[in-house]
Structures are given as C-alpha cells and as structure tokens.
Amino acid sequence: MTREEIIGKQLANKVAMLEYENTLLFAEKVELQEKLAQYENQNQDNNKE
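Each residue of the sequence shown is one higher than the last, beginning at 1 in our numbering.
Careful, some of the hints might be misleading.
To be verified - Derived DEER-like restraints, expressed as beta-carbon distance ranges:
#: 1; residue 1: V15; residue 2: Q38; range: 33 to 41 angstroms
#: 2; residue 1: A27; residue 2: E4; range: 50 to 58 angstroms
#: 3; residue 1: Q10; residue 2: N41; range: 45 to 53 angstroms
#: 4; residue 1: N22; residue 2: Q44; range: 28 to 36 angstroms
Stated by the list, open to error - Listed below are the simulated BS3-like cross-link pairs for lysine-lysine, each with C-alpha atoms no more than 30 angstroms apart in a straight line:
#: 5; residue 1: K29; residue 2: K48
#: 6; residue 1: K35; residue 2: K48
#: 7; residue 1: K29; residue 2: K14
Just so you know, these hints were derived from the structure itself, not from any lab.
Backbone N, C-alpha and C fix where the C-beta goes; we use that ideal spot for every residue, glycine too.
Turn these sequences into a full structure, and let the hints steer you where they fit.
Okay, here's the thing in structure tokens:
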C-alpha cells in the first residue's frame with residue numbers, strides 16, 4: 001500500500017468519524033429544541049394562571 005493510499009484511508013476514516021459526530025450533535029440539538037419548546041409552553045401556561 002502506498003503512502004498516498006494510507007493517507008487516503010486515514011482521511012476517509014476521519015471524514016466518517018466527523019459525519020458520525022455531526023449526526024450525534026444534530027440529534028442532541030433536536031432533543032434540546034424539543035425540551036426548550038416544552039419549557040416555553042409550560043412557562044406560558046404558568047403565566048396565564
């Protein structure tokens with residue numbers, strides 16, 4: 001295996017890891033947005049009372 005092939009495989013692995021991390025962060029963002037919406041709705045309900 002040539003040096004270039006090794007570097008190419010390393011870069012491909014790095015890209016795959018970054019894509020995976022990006023997916024996890026996106027899922028966390030969605031989860032936090034849902035929690036925020038719940039808290040905002042609860043806050044509006046509490047302010048009405």
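Does the hinted range 50 to 58 angstroms hold for A27 and E4 at CB? Once the Cβ atoms are compared, 35 angstroms apart, the range 50 to 58 angstroms for E4 and A27 is violated.
Checking one constraint from the list: CA of K29 to CA of K14, max 30 angstroms. Satisfied? Holds, at roughly 22 angstroms.
Within 33 to 41 angstroms: is that where the Cβ-Cβ distance between V15 and Q38 falls? With a Cβ separation near 35 angstroms, V15 and Q38 satisfy 33 to 41 angstroms, so the hint holds.
N22 versus Q44 beta-carbon gap, inside 28 to 36 angstroms or not: 33 angstroms, holds
Against the 30 angstroms threshold, does the CA-CA distance of K29 and K48 hold or violate the hint? 29 angstroms, holds
K35 paired with K48 [C-alpha distance capped at 30 angstroms]: It holds: about 20 angstroms lies between the C-alpha atoms, which stays within 30 angstroms.
Satisfaction of the hinted span 45 to 53 angstroms by the C-beta atoms belonging to Q10 and N41: Given range 45 to 53 angstroms: holds, Cβ gap about 47 angstroms.
Consistency note: the structure conflicts with earlier hint 2 alone.
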